[in-house]
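A.B. asks: Sequence:
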Amino acid sequence: MKGIRGTLTENAPLGAQSWFRCGGHADLLFQPADADDLAVFLKVWPLTPKKSPPGEGRGSTKTPLPLSGGGLGWGGKSAWGGNLTIIGGMANTIVRDGGIRGATIQLGKPFAEVKVLDGRYIQAGCGALNGNVAAAAVKAGIGGLEFLSGIPGTLGGALRMNAGAYGSEIKDVLIGVNAITRAGHEIRIVLEDLKMSYRHTELPEEMIFTSAILKGVAEDYETVKARITEIKKKRNDTQPIKEKTGGSTFANPPPAELRKAGLPEDTRAWQVVEKVGARGLRVGGAQMSKKHCNFMINTGDATARDLEMLGEEIRKRAKHDLGLTLHWEIQRVGEV
1216 MKGIRGTLTE NAPLGAQSWF RCGGHADLLF QPADADDLAV FLKVWPLTPK KSPPGEGRGS
1276 TKTPLPLSGG GLGWGGKSAW GGNLTIIGGM ANTIVRDGGI RGATIQLGKP FAEVKVLDGR
1336 YIQAGCGALN GNVAAAAVKA GIGGLEFLSG IPGTLGGALR MNAGAYGSEI KDVLIGVNAI
1396 TRAGHEIRIV LEDLKMSYRH TELPEEMIFT SAILKGVAED YETVKARITE IKKKRNDTQP
1456 IKEKTGGSTF ANPPPAELRK AGLPEDTRAW QVVEKVGARG LRVGGAQMSK KHCNFMINTG
1516 DATARDLEML GEEIRKRAKH DLGLTLHWEI QRVGEV
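Each residue of the sequence shown is one higher than the one before, counting from 1216 in the working numbering.
Keep in mind that the hints are not guaranteed to be accurate.
Straight-line Cα separation of at most 30 Å, BS3-like style, residue types lysine-lysine; simulated pairs [said to hold, decoys possible]:
1. Lys1440 <-> Lys1330
2. Lys1449 <-> Lys1386
3. Lys1217 <-> Lys1386
4. Lys1459 <-> Lys1490
5. Lys1475 <-> Lys1448
6. Lys1534 <-> Lys1505
7. Lys1459 <-> Lys1447
8. Lys1440 <-> Lys1324
9. Lys1490 <-> Lys1457
10. Lys1534 <-> Lys1324
11. Lys1324 <-> Lys1354
12. Lys1449 <-> Lys1505
13. Lys1440 <-> Lys1386
14. Lys1459 <-> Lys1440
15. Lys1475 <-> Lys1534
16. Lys1475 <-> Lys1324
17. Lys1490 <-> Lys1447
18. Lys1449 <-> Lys1354
19. Lys1410 <-> Lys1330
20. Lys1430 <-> Lys1330
21. Lys1430 <-> Lys1448
22. Lys1448 <-> Lys1330
23. Lys1430 <-> Lys1410
24. Lys1448 <-> Lys1354
25. Lys1386 <-> Lys1330
Derived by calculation from the structure, the hints in this document are not laboratory data.
Throw the hints in and build the complete structure from the sequences for me.
C.D. replies: Here's what the structure looks like:
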């Protein structure tokens, strides 16, 4: 592909690289060298998705077109179609067994830099692990960002869903982001224009965050360190972090929906899972953790289908038994 400096990988085993360690492949994985490289890719990748002809795609006996001669030779059309999927660190992602059609974009090491600005601000690339962002803040004596150590995955994914933990959310500490549109234009967006709400950011799905500036409070190093140590201990004590797992499976239900179902407004998702008898529930190799029943785990041989069917069984029970709709917090991408 002319002008592209990043890494292009055909038939990339994304499922095996996800935190659940199961699922399908991506037709084409692009890991850009930097923001300019990402912009170039987006400008040349077809805007209109196209379906694969019968017999092509995952499971086909046909050989994929080679990435030879520095280009795909598509003449404006892709051999994989114009579909585009954006993924982060895959901490809260199920890659379905059928794989991901088209191109998948993942921001890696070139987007993982974390800088301290003016004593109480952090500038971080969206490929940076949330834990590394929190650690940099602690080292610089910046308080208020410790909660990031309790959010698995990368900053980009956390921004996309306005992730939160231990009483704080991304929107509480965000100044603004740098992003690239689907057409390949680099823009800056301030917090107010992101229209963030609980586990939601009001932006087009195909807009890609590349970096962000976060604000904290200048504090004593030992004080900040003590708080992050406490968060890490609490997470270790209450979550199955040593298992093949992701983030929270379901978002906490909105108060209005809880009232409608006759439940207390402070009812959490894990309590709903408990109420429908799903702590420890299994489907194939997938299980709701007994340690924290809003965490789904791969016990060893789970398929992506097992994980998704387990989640859907719990949603079915919640609707039938409680009249409540549970909403997935885990992202599901690809084809079944």
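A.B. asks: Determine for every hint whether it applies to the structure shown.
C.D. replies: Verification of the supplied hints:
1. Lys1440 <-> Lys1330: holds (18 Å)
2. Lys1449 <-> Lys1386: holds (23 Å)
3. Lys1217 <-> Lys1386: Status violated; Cα separation ~38 Å.
4. Lys1459 <-> Lys1490: holds (24 Å)
5. Lys1475 <-> Lys1448: violated (36 Å)
6. Lys1534 <-> Lys1505: The given pair, whose Cα atoms are some 22 Å apart, holds under the 30 Å limit.
7. Lys1459 <-> Lys1447: Roughly 18 Å separates the two Cα atoms, so the pair holds.
8. Lys1440 <-> Lys1324: Distance of about 26 Å is within 30 Å: holds.
9. Lys1490 <-> Lys1457: holds (25 Å)
10. Lys1534 <-> Lys1324: Violated - the C-alpha atoms of Lys1324 and Lys1534 are around 42 Å apart, more than 30 Å.
11. Lys1324 <-> Lys1354: holds (21 Å)
12. Lys1449 <-> Lys1505: Within the cut-off at roughly 16 Å; holds.
13. Lys1440 <-> Lys1386: Holds. Lys1440 to Lys1386 sits at ~22 Å (cutoff 30 Å).
14. Lys1459 <-> Lys1440: holds (28 Å)
15. Lys1475 <-> Lys1534: With Cα atoms ~12 Å apart, Lys1475 and Lys1534 stay inside 30 Å; holds.
16. Lys1475 <-> Lys1324: Violated, at roughly 46 Å.
17. Lys1490 <-> Lys1447: holds (28 Å)
18. Lys1449 <-> Lys1354: The hint holds at about 20 Å.
19. Lys1410 <-> Lys1330: holds (26 Å)
20. Lys1430 <-> Lys1330: holds (12 Å)
21. Lys1430 <-> Lys1448: holds (24 Å)
22. Lys1448 <-> Lys1330: Distance of about 26 Å is within 30 Å: holds.
23. Lys1430 <-> Lys1410: Satisfied, since the Cα-Cα distance of roughly 18 Å is no more than 30 Å.
24. Lys1448 <-> Lys1354: holds (18 Å)
25. Lys1386 <-> Lys1330: holds (19 Å)
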